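Chains as they are written, first to last, in my numbering: chain A, 303 to 537; chain B, 10 to 213.
Don't read these hints as lab results, they were simulated from the structure.
Since the model is a prediction, treat every value here as computed from it, not as a measurement.
Do not take every clue at face value.
Stated by the list, open to error - Some chain A residues close to chain B (C-beta under 8 Å, calculated; not the full set):
#1 L402
#2 Y403
#3 K478
Unchecked claim - In silico DSBU-like pairs for lysine-lysine, Cα to Cα no more than 30 Å straight-line:
#4 A/K391 / A/K478
#5 B/K81 / A/K519
#6 A/K444 / A/K461
#7 B/K92 / A/K444
#8 B/K126 / A/K519
#9 B/K163 / A/K519
Don't be surprised by glycine CBs; every beta carbon is placed ideally from N, CA and C.
Listed here are the chains, written in short residue letters.
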Amino acid sequence: MGDSQYSFSLTTFSPSGKLVQIEHALTAVGSGQTSLGIKASNGVVIATEKKLPSILVDEASVQKIQILTPNIGVVYSGMGPDSRVLVRKSRKQAEQYHRLYKEPIPVTQLVRETAAVMQEFTQSGGVRPFGVSLLVAGYDDKGPQLYQVDPSGSYFSWKASAMGKNVSNAKTFLEKRYTDDMELDDAVHTAILTLKEGFEGQISGKNIEIGIISADKKFRVLTPSEIEDYLQEVE
Amino acid sequence: MSIFEYNGSALVAMVGKNCFAIASDRRLGVQLQTIATDFQRIYNIHPKLFIGLSGLASDAQTLYQRLVFRHKLYELREERNMKPETFASLVSAIQYEKRFGPYFCQPVIAGLGDDDKPFICTMDAIGAKELAKDFVVAGTASESLYGACEAMFKPDMEAEELFETISQALLSSVDRDCLSGWGGHVYVVTPTEVTEKILKGRMD
Numbered sequence: 303m304g305d306s307q308y309s310f311s312l313t314t315f316s317p318s319g320k321l322v323q324i325e326h327a328l329t330a331v332g333s334g335q336t337s338l339g340i341k342a343s344n345g346v347v348i349a350t351e352k353k354l355p356s357i358l359v360d361e362a363s364v365q366k367i368q369i370l371t372p373n374i375g376v377v378y379s380g381m382g383p384d385s386r387v388l389v390r391k392s393r394k395q396a397e398q399y400h401r402l403y404k405e406p407i408p409v410t411q412l413v414r415e416t417a418a419v420m421q422e423f424t425q426s427g428g429v430r431p432f433g434v435s436l437l438v439a440g441y442d443d444k445g446p447q448l449y450q451v452d453p454s455g456s457y458f459s460w461k462a463s464a465m466g467k468n469v470s471n472a473k474t475f476l477e478k479r480y481t482d483d484m485e486l487d488d489a490v491h492t493a494i495l496t497l498k499e500g501f502e503g504q505i506s507g508k509n510i511e512i513g514i515i516s517a518d519k520k521f522r523v524l525t526p527s528e529i530e531d532y533l534q535e536v537e
Numbered sequence: 010m011s012i013f014e015y016n017g018s019a020l021v022a023m024v025g026k027n028c029f030a031i032a033s034d035r036r037l038g039v040q041l042q043t044i045a046t047d048f049q050r051i052y053n054i055h056p057k058l059f060i061g062l063s064g065l066a067s068d069a070q071t072l073y074q075r076l077v078f079r080h081k082l083y084e085l086r087e088e089r090n091m092k093p094e095t096f097a098s099l100v101s102a103i104q105y106e107k108r109f110g111p112y113f114c115q116p117v118i119a120g121l122g123d124d125d126k127p128f129i130c131t132m133d134a135i136g137a138k139e140l141a142k143d144f145v146v147a148g149t150a151s152e153s154l155y156g157a158c159e160a161m162f163k164p165d166m167e168a169e170e171l172f173e174t175i176s177q178a179l180l181s182s183v184d185r186d187c188l189s190g191w192g193g194h195v196y197v198v199t200p201t202e203v204t205e206k207i208l209k210g211r212m213d
């Protein structure tokens, strides 16, 4: 296949019109831990598996879901360290916006700027694309919003989406379960059920992470005991 | 002579009941010589946001062009008009960027914000904002304007009465200032309409 001759250089198109490095980045995302997001009528929930390499790891110190601004949160699938770089840059951009306009940054604007950063790394010399896809959940004047940003820098607004290992099963499950007038609590239950579908082992408050934002416009990560409560409701 | 007094200007903005008025004089001078009697000091950023720029005329024009540029891009990106409070923060930031070589302008910003609530503010040449609930003034005639506004202002005036009050305050103040005058330019803005009137005062 002629493509493989072009797969070493990010900034060279292959004859089939692809940037093969980006395809590889998407593969890296696809082998990362499952994460998903659901937009409800009155909020957004994002969730992810938190499979740690060993039982000796202190799971309280690991936080995959991060807050970007008080009303915007993010989760990733793929390479953790890459996501940290993006979180850092996004937080800075959000703060710069606030410094200029004394207003919280709208979700769309932050997503656009983050996506622009990711795109930069697909068109510069000597760098590689980010090996993460992000799910950005926020609540601003336009209501609850959920965006997915890919390593290529393209972004989409979703009602519900999943990424990572179990993506096709998870998306099929979400397609069946999603309704437009779902409320936030229902969405959290659906998120848990979707994660459970592809989960290896026993699901508990310590090996998944859930972040929610409701009409109070404050993004927060649920504590393990809150997750346990939801898990019991689901049983 | 101070650089702020090179061209001469008078600006005032007042808050009324669900409306605001912003007024300026029309003289453009070069120290003692009058060179224009129809100079525009108040600009329209969008239908519910006005900015008046007093001080050095060339800096006022340049600053206005930069602000229009920024607002146009904002409108394209965010698909909405800027709120007056946000615009005021932007003007303040742009002025402070030039902290050690400032624009010699004192802006007066007036607009209708969320729920059409009137908003006015002024700032100094390096962006120190001064918010007010009643009136703000700027320019070479500012001291007289402070006095006239303080005496004539009443809260919650309707558009007609507000127009009368701001016009009287402006005309009586510029009469005490040799560098501003030659008539007045008044905009009265309500949630539904914008009225623009030219005043004829002492033409000197």
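Each hint, compared with the structure:
no.	hint	result
1	L402	holds, 5 Å
2	Y403	holds, 5 Å
3	K478	violated, 34 Å
4	A/K391 / A/K478	violated, 36 Å
5	B/K81 / A/K519	holds, 28 Å
6	A/K444 / A/K461	holds, 14 Å
7	B/K92 / A/K444	holds, 15 Å
8	B/K126 / A/K519	holds, 23 Å
9	B/K163 / A/K519	violated, 38 Å
When held up to the earlier numbered hints, the structure conflicts with 3, 4 and 9 and fits the remainder.
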